[in-house]
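Just need the whole structure built from these sequences, with the hints factored in.
Note that the protein sequences, when read in sequence, are chains B and C. My numbering puts the first residue of the first sequence at 767, with every later residue one more than the last. My numbering puts the first residue of the second sequence at 27, with every later residue one more than the last.
Warning: the hint list may mix true and false statements.
Unchecked claim - Listed next, the stretches of chain B that the computed footprint assigns to chain C, with coverage defined by at least 3 CB atoms under 8 Å from CB atoms of chain C:
id : stretch
1  : 781 to 790
2  : 858 to 868
3  : 887 to 895
4  : 1008 to 1022
5  : 1026 to 1034
Hints are computed from structural coordinates only; laboratory data are not their basis. All values reported here derive from a predicted model rather than from experimental measurement. We put the beta carbon where it would ideally sit given N, CA and C, even for glycine.
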Amino acid sequence: MTQTLRVGDLSRDELRHRLHGAGLSLRSGPLVFEIRSREPEIAENLPRLYADTPLGNAAFADFHVEVRRARGLRGWLKPQVEFLIDDRSPFQPLPRPQSFAMLEWGMNWCVANHCHQYLVIHAAVIERKGFAAILPAPPGSGKSTLCAALIHAGWRLCSDELTVLDPADGTVVALARPVSLKNASIEVIGAFAPQALFGSEVPDTKKGRVSHLKPPTDSVENVGTRAKPRWVIFPQWQAGAALEIGAQPKSHAFIQLAENAFNYSMLGETGFELLGRVIDASDCLSLRYSRLDEAIAWFNCLADEAAR
Amino acid sequence: MIRDAVLPVIRAPESALLLDLQGWDRLIREARASNLGARIAEDLAGVTTADRLPAEVRPHLLGARRLAQRQQVATLAEVERVRAALADGGIRLVLLKGAAYLAAGLPVSRGRVFGDIDLLVSRAQLVEAESMLLKHGWISTHHDEYDQRYYREWMHELPPLHHVARESTLDLHHNILPSTARHPPDPALLLADAVETRAPGVFVLAPADMVLHSACHLFHEGELDNGLRDLVDLDGLLRHFGKDAAFWNRLDTRAEALHLEQPLRYALRMCELLLATPFPAALLAGRRAWPADLRERLLEQLYLRGLRPNHRLAGDRWTPPARWLLYVRGHWLRMPPHLLTAHLVRKAWRRWTGLEFRSEERDEAEVLKTKPRSEDRGLA
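This is how it looks when you write it as structure tokens:
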């Protein structure tokens, strides 16, 4: 068997050549994205954040995406970029410095809106000892920060944004793509995990500073390993709060997951049965925390107990 | 040669089994751009089993079928709500296009996806219909004064109506061609002959009228994003209704009564050329040799390119100018020259200055929640 080629194996010139030409094809779990762009931000960040990610097959891609300069008068006054899936732009352009973030957000959008072979939920998901913890939470709850800390403390990253469930067997499908962090979280994770690798920081998006974090190498290497849903945890960061765990009624957790799913109604009965299986197999808990080390110790206890 | 991955598979679904991975990649992309992915997935399910298809391809076919099935359930439910809303004002629901094919249970509705629900009321009932729909939550989407005037004065339909909670879109028509067209047909004829479907109170156009509307819509339209899909619709309607020999006579008579002989002629010929659709030689609209003159020769060359997947990989070097000419032709047919010039200049200016994108910048969560175009979306 030939060795898998990874994004990090490409020379700078080769990478640029592919991005400018036929496209750089990369494999995120079961999905292949073919990416084209002439934006320097993208050529800069892709090899850093996707270094361990395997290259895809040149013949077939699930999504053909592109980030390019938006045309028109506005482009001269304030350069903007647009995200295209197969030459169609699903949402409005963003300022040019956000081009890499836009690629990431656009790729998430593709999965959320087109992968109806799966149930896709807006939630982070991480794995340890074969068991998955699903973290659905509104923006601002500290979900991504917690997820970023846990994947540098022995947990495997499946996804920080999209929980992908396979109706065939009820398992979590990992994507192992970069984690998006905002504002103070960037420094918090920088201090917590000095080995963590960041992409370039975008100074002023609508929600402040944004930077992407490279997924740990072992998360990318084990991306094909399915995980069994075991917990549904609703995290809430609160300054100065002591660690506090609460039980969530399963009915509430079910409704929360269904409401946070992008294609729950699309799957009809299949979606209902799948979520039922996930909730049946999971402890449903709420977590209030202020200190990452306390939260991580608690998560590790959960994993140890489940494995026993 | 005009490249096109979709038509060969529509004509002969089993030919897809011979594709290599690169061929499948093109087929899926071009089919998605043409809104024919679910149709192809349904056709393939009829001729093969999933295990004979490449693993990379299966999820796309499965996803496309799920989407279409979900949309069909949601569309029928929405049709019932529209029926009830109009019934409040004593107005009969007459569906057009995709929703009509579905409500009538026609074979052409298999794998059909929907962007909106089209309905026809008489001009006299238009105001009442709009207010009944408003009362039930459908509001006008275009707030720009020019857009409102464009639709209300010159078009044959109102600006799309959008449901505030369920996000369904209705196109409320009072005719099947713009008021500014050279020979607009008399919609009273269409409404008088409408037939009731299995769903009580839900009407569709009579078979010949349904074909004529489909033809007149396609061959007056300038933006052919769904051109190939609409041609596939026409092919399916002709093959289905054509089993009844009396249908063809009726088609001729109605085409004349509605002044739609020309679009019918184009429809028959393009269906024959691209989809080998059979029709009797004695048919009036098809009797004269094709192409009869230079004009028809040119139109054929334009439509051979326009009625293809609207995707970079499809077509040939003449496709971009052909699409542009068809776009201009579509507007030419619906507006007198002075209005047309002003309208196109205005549209180009708005696009170029970016006025269409004036809304606010978005963040991660908002981008993620952006809805796909309506054909790719399951209604709430």
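Going down the list of hints, with the structure as the test:
Counting residues of the stretch 781 to 790 of chain B whose C-beta lies closer than 8 Å to any C-beta of chain C gives 0; at least three are required, and the coverage claim is violated. With 6 residues bearing a CB less than 8 Å from a CB of chain C, the stretch 858 to 868 of chain B meets the requirement of three and the coverage assertion stands. Three residues within the 8 Å Cβ limit are the bar, and the stretch 887 to 895 of chain B against chain C gives 1, so the coverage statement is violated. Using a Cβ-Cβ cut-off of 8 Å, 0 residues of the stretch 1008 to 1022 of chain B lie near chain C, which falls short of the minimum of three, so the contact claim is violated.
Against chain C, the stretch 1026 to 1034 of chain B contributes 5 residues with a C-beta closer than 8 Å to a partner C-beta. That satisfies the three-residue criterion, and the hint holds.
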